[in-house]
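Dock chain G against the given chain V, drawing on the hints supplied.
2 protein chains.
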Amino acid sequence: MADVTTSAQTTTTVPPDIEIAEAATLTPIVDLAREQLGIEPDALVPYGHTKAKVSLGYVRSLADRSEGRLVLVTAISPTPAGEGKTTTSVGLADALASLGEKAMVALREPSMGPVFGIKGGAAGGGYAQVVPMTDINLNFTGDFAAIAAANNLLSAILDNHVHHGNALGIDPRTVTWKRVVDLNDRALRDVVVGLGGVANGIPREDGFDIVVASEVMAILCLATSIKDLKERLGNVVVGYTRDKQPVTARDLKAHGAMTVILRDALAPNLVQTLEHTPAMIHGGPFANIAHGCNSVMATRTALRLADYVVTEAGFGADLGAEKFIDIKCRQSGLRPSAVVVVATVRALKYHGGMAVADLKQESVDALTLGMANLRRHLRNVRDVYGLPAVVALNRFPTDTDAEVAALLRLVEEEGFRAFEATHYADGAAGAQDLARGVLDAIENSPGEMQLVYPDDLSLAEKAEAVATRVYGAAGVTFDAKAARRLAAIEAEGFGHLPVCMAKTQSSFSTDPTLRGAPVDHTVHVREVRLAAGAGFVVMVTGDIMTMPGLPKVPASEHIDVDDDGRIVGLS
Amino acid sequence: MADVTTSAQTTTTVPPDIEIAEAATLTPIVDLAREQLGIEPDALVPYGHTKAKVSLGYVRSLADRSEGRLVLVTAISPTPAGEGKTTTSVGLADALASLGEKAMVALREPSMGPVFGIKGGAAGGGYAQVVPMTDINLNFTGDFAAIAAANNLLSAILDNHVHHGNALGIDPRTVTWKRVVDLNDRALRDVVVGLGGVANGIPREDGFDIVVASEVMAILCLATSIKDLKERLGNVVVGYTRDKQPVTARDLKAHGAMTVILRDALAPNLVQTLEHTPAMIHGGPFANIAHGCNSVMATRTALRLADYVVTEAGFGADLGAEKFIDIKCRQSGLRPSAVVVVATVRALKYHGGMAVADLKQESVDALTLGMANLRRHLRNVRDVYGLPAVVALNRFPTDTDAEVAALLRLVEEEGFRAFEATHYADGAAGAQDLARGVLDAIENSPGEMQLVYPDDLSLAEKAEAVATRVYGAAGVTFDAKAARRLAAIEAEGFGHLPVCMAKTQSSFSTDPTLRGAPVDHTVHVREVRLAAGAGFVVMVTGDIMTMPGLPKVPASEHIDVDDDGRIVGLS
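Each protein sequence line maps, in turn, to chains V and G. Under this note's numbering, think of the first position of the first sequence as 1, with each following residue one higher. Under this note's numbering, think of the first position of the second sequence as 1, with each following residue one higher.
Bound conformation, chain V alone (with noise of 0.2 Å):
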């Protein structure tokens, strides 16, 4: 499911992310804003004393300014080793700070559900996290929760739509609109509705994904302006009549009122790094199902507020740096100046072969073997996306020297820099190199971001250049049933937009399995689904969660609070 950050780097040094967090003085989120920002308090929507929205009205006010530059952390494959992309960006910012730059970060909010599952919190780790920890970790400014309202409200007016007579003659059987929660439940991955006799509807078959999954999430991460919102919520196709017309929310007028429920939530969330760095913390689609960025909003706002804005994207440079650059690039006009690809010995020693238990053990044969996954993101980036990359090394203790001195040769070789980052013990001191880099490549690199596809490619075409040019892969196959919907959606005025890959993200290829960067592969879209609000079409390879599940021993087990409120147990 969501991306393995980075709590997983332990050290006998660095204590828990919790005891981190909360040992923190934070600056006042009022003050941070004045201060760093010029931001005025009239202009904050504060949540607390240490979090608080930006006003819609003050966005909309920055319109003018000039924007600073956008700096995209992205990184290898991921693996059950962790790389730390999220620490790595609060890194890599508060070392910016750190040498005196205006620098901001940018990233997803966490979803709940995971954080009660398997992977705990995702707000960086050890000392470059961004802070109120458990507050983002959990209902934080309320986003998540308005995302699920407005997503369900659509399902209720839907279902009561048909229940009332069904004026639109929607066939229920063809319903794509699910519902959501943010927790992990299987149980409601497919369920009945409907049941209970005549006056509880027309029972069929639903099911409720993951809040992160939803096109509502999506939408609100590419939402430009309230009108820009509420648009795009009108565009979404629920399902189809039985004259196989698409239903749109619109027609259900329901996209009003959804709008409604996420006026607040479309503006973005100020808080802070442990450093006092300013973070822009909104929004957080998968980004298998979805594109996988924070929103259009944060990222906007940040870039006309600072010199230098730090953002991220989800899993590895194949799947979120590439939707980054087609989806999110392409609707917003933004374009990034650098792209940092994180690494780690552990993950490119996995990449090689090696088992997870045995990853302690120096091995530089299984790196050298390794470097193949991180060599094609990186030519990816340069030779594909037409962007400086620079290399994060983030050290581990496990780490060996040589270990270190083969993987900053071997990127050398590809033509790339690589910088050691230890920002996770030692906060901005220790990025800073990195941070150099950096504004290096910014500098002497003033490369010109591509897409990877043009618009007026067909839909299939699309999704063969991402797979041929981004994945290595030798093409693209459909099964029939995707094939026909694809030309459905085509012929319904669709094929215009972007397609969003739905792939495993620890491979270039749909096979999780194969490591490292495996060639001649086939993709293979077993299912379409059109997002017509988010504005693009996912292609789904493989198997895809869109809700998951909660572990044996769920970390729910060990997450409490005491008599004075004190939450432990987060990590």
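Simulated from the structure, these hints should not be mistaken for lab results. Worth double-checking, as some hints may not be accurate.
Just so you know, same-sequence chains aren't split out, so a pair can sit in one copy or run between any two.
As the list claims (entries may be wrong) - Computed cross-link-like contacts, DSS-like style, restricted to lysine-lysine with a CA-CA straight-line distance of at most 27 Å:
1) Lys244 <-> Lys102
2) Lys253 <-> Lys227
3) Lys244 <-> Lys481
4) Lys227 <-> Lys360
5) Lys481 <-> Lys102
6) Lys102 <-> Lys552
7) Lys253 <-> Lys552
8) Lys244 <-> Lys552
9) Lys102 <-> Lys253
10) Lys244 <-> Lys360
11) Lys253 <-> Lys481
12) Lys481 <-> Lys360
13) Lys552 <-> Lys481
14) Lys102 <-> Lys360
15) Lys227 <-> Lys102
Just chain G now, kept in the frame of chain V:
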């Protein structure tokens, strides 16, 4: 479903609620808290500039303060004509403040579901509203979302436990714990979850209630501290083992994480009325399946901050007020000093047999007949609850002087005082007579509140006491299954709990069509539900709706937001 509050009252001169609310100039909540209540900004957790939570630490710091007087606002049996309990509560608090008293109002939070259904908002009406009205009616401070998340996390953990081997031996057929959403969604009343094969768990019948019907809501409203909240959540019984032993949230190790989710929600919310009287709006359980009052935390905190606190109980004095006394006061030690019974000429004519369409016609005869309803409520308050009662005659423009004079006389003949109130149109000035009457009642009738039954009666005897003493019933009968369940609950050690009668609000009887004051009726209990965490046993009589549906044309169709983010269509 939820109470019919007051916006039904319209005149040609009073603008729509939302226009009045949006035109209001609100005092910044930090200023209001400091100036009126002596609360420093650090003790507040602001949510924007006009709403805040009062921090739990500050709430605790008030523990030794003396408490003001509590005024409970209740009503005759609700009718389609609308009575105006919330507006009267707001108007009375404003009037007390305008007379120089230090007054607050403590109300329930509206549920978002009905806002998009028929009901519209629930923040008062006319010139007697709490503001910011749109915020209060929508996501507010996230309390309901947190309740839903905590409730549904328990469901997820339960199904996960069964899926992963069911070490506790839970019998899935006996699970009574349902999922919730804060929407009107009839399609979710009866569902089957866990479909789709082995990976998705065990299929079983389930259902969703609306958040206000959940035990977590009741628990949050009765909890007095984080510790008490966690203890109550741990006590929740979710179902039974195959050996018929109760399984609790504590057995599932879910209560700690649930408490974590609810930590912020436990702190009471501070807002203001249109006339800048401080208002606590916190919690909102149903008044049938639950106890129908705002939170103990809010009521108690308000009493420590003000000399007079006006609070409201759900539905009529037979339902909400009875539960206010027998559940909320019994558990918390709170004691009201006076009771205001809200009545209208229109509603009493309805109780006297008039059709809704005819209510604009003068009829002292119908009014005199309908007085039977008010009479029984007044006698109950005085003779059963042991409290001084005052009638608020919430005057509508269509009421004739003859009708008003007749009602005032009828009330006087019963030995009570009634006061015309026009706060809907006139604000505080319209309720000053009522306020003086309430102050007088408190001074001159130092009643001592009586519980309707002692703890040590059997559960059946407790139901009998309410039915005969309050409802005027001849007695109580039980379905065989309900009787068996009662015996089991007592055997499990819950016989000492108070009962929570789930009865139609429209009649003293269980037949909603029996207006006025029916006698010799029998209350038939068809189902019994244990709420071990909330600390009561629900006696279900008749059909009690715990998940409303949307009407053919839901209010959501007319609720919209303009490009500047202004919400329209909310009433």
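Status of the hints after comparison with the structure:
Neither within a single protomer nor between protomers do lysine 244 and lysine 102 lie at most 27 Å apart by alpha-carbon distance, with minima of 53 Å and 64 Å respectively. Only within a single protomer do lysine 253 and lysine 227 lie at most 27 Å apart by alpha-carbon distance; the minimum there is 15 Å, versus 45 Å between protomers. With identical chains, the CA atoms of lysine 244 and lysine 481 are at most 27 Å apart within one copy only, with a shortest distance of 15 Å there and 49 Å across copies. With identical chains, the CA atoms of lysine 227 and lysine 360 are never at most 27 Å apart, being 53 Å at best within one copy and 43 Å at best between copies.
Proximity of lysine 481 to lysine 102 under the C-alpha cut-off of 27 Å is found in neither arrangement, the shortest distances being 51 Å within a copy and 70 Å between copies. Proximity of lysine 102 to lysine 552 under the C-alpha cut-off of 27 Å is found in neither arrangement, the shortest distances being 45 Å within a copy and 54 Å between copies. In this assembly of identical chains, lysine 253 and lysine 552 lie within 27 Å of each other by CA distance solely across copies; the values are 12 Å between and 42 Å within a copy. For the homomeric pair lysine 244 and lysine 552, the shortest alpha-carbon distance between copies (24 Å) is at most 27 Å, but the shortest distance inside one copy (43 Å) is not.
In this homomeric assembly, lysine 102 and lysine 253 never come within 27 Å of each other (Cα to Cα): the closest approach is 44 Å inside a single copy and 46 Å across copies. For the homomeric pair lysine 244 and lysine 360, neither the shortest alpha-carbon distance inside one copy (57 Å) nor that between copies (50 Å) is at most 27 Å. Within a single copy, lysine 253 and lysine 481 get their C-alpha atoms no closer than 31 Å, and across copies no closer than 45 Å, so neither meets the 27 Å cut-off. Within a single copy, lysine 481 and lysine 360 get their C-alpha atoms no closer than 46 Å, and across copies no closer than 62 Å, so neither meets the 27 Å cut-off.
Taking CA atoms no more than 27 Å apart as the test, lysine 552 paired with lysine 481 passes in neither setting, with 36 Å inside one copy and 36 Å between copies. When the C-alpha separation of lysine 102 and lysine 360 is checked against a cutoff of 27 Å, the pair qualifies neither within a copy, at 38 Å, nor between copies, at 68 Å. When the C-alpha separation of lysine 227 and lysine 102 is checked against a cutoff of 27 Å, the pair qualifies neither within a copy, at 31 Å, nor between copies, at 44 Å.
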